[in-house]
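J.: Residues per chain are reported as follows:
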Amino acid sequence: MGVTTRLPELRQAQRLTQADLAVCVGVSRQTINSIETGRFEPSLSLALLLARYFGEPVESIFALADPPAD
Amino acid sequence: MYEFTHQGMWFKWNLLDKVSKRLAGVSLFAAGVSVVPATMKLCDYAFEVGKAAGSGIGSPDPMLLEPWQALWLIGFGTLSAVFWWRFSLRQDEMFNRVQNWSLGMAGAWTATFFALWGVLAFGGIVPPLHPMAVFLVFYVALLGFWFAAVRRWA
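Line by line, the protein sequences are chains A and B.
Residues 45 to 114 (my numbering) make up the first sequence, in order.
Residues 91 to 244 (my numbering) make up the second sequence, in order.
All the pointers check out, no bait thrown in.
Covered stretches of chain A, as calculated for chain B (at least 3 residues, CB under 8 Å):
{"id": "1", "region": "68–76"}
{"id": "2", "region": "79–86"}
A few chain B positions that, by computed beta-carbon distances, are all more than 12 Å from chain A:
{"id": "3", "residue": "K111"}
{"id": "4", "residue": "V116"}
{"id": "5", "residue": "A128"}
{"id": "6", "residue": "V139"}
{"id": "7", "residue": "A196"}
{"id": "8", "residue": "W207"}
{"id": "9", "residue": "A223"}
{"id": "10", "residue": "A231"}
Please keep in mind that the hints were generated in silico from the structure rather than gathered at the bench.
By construction, the Cβ of each residue, glycine as well, lies at the ideal position given by its N, Cα and C atoms.
With the hints as extra help, turn the sequences into a complete structure.
T.: The structure is reproduced here in structure tokens:
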């Protein structure tokens, strides 16, 4: 079960590069790139850090790609 | 902060901070120094194997390290590992996930390989392995899993 993200959209809205955002949250640019392209799922602490940085709830940035049907 | 290059074979040195450069540099240097006596011994052994094959006599005794060579390998190997561990603590979670997954998988597969080989050797089906073979098997497995992890996540 994958995770989708609005990270590129939020980052671009603030006119940040991947390198800028990486410095702000203390990870490498490669990590931000991998999260945005869906190859790497961040830890809960990194997801919360990104949510705090953008001032959004974490579930509005990350969501399950294929949620179970009710 | 660490960034992989060449499919994980190397990393962008200029992106590391000063402390990380020092830690990685000492670790890589110590790793290189640690294998010098063992490499020289291995070269001598290879020469003996070639000489024995050329002269038609039996193969030489299995390579064994001198006690000081084994202690050298352990000492510098430990130094390298400690510095690499401290370097790893300064890197981000993707680097540590790649590294920890590779080490875990390589360790598990090496243990499985030696357990199975040991049972087969105990039954006389295969010859016993040289004690240093564990390094070779672990190293090959680690490289394979490292590249797989970088391809998957980085």
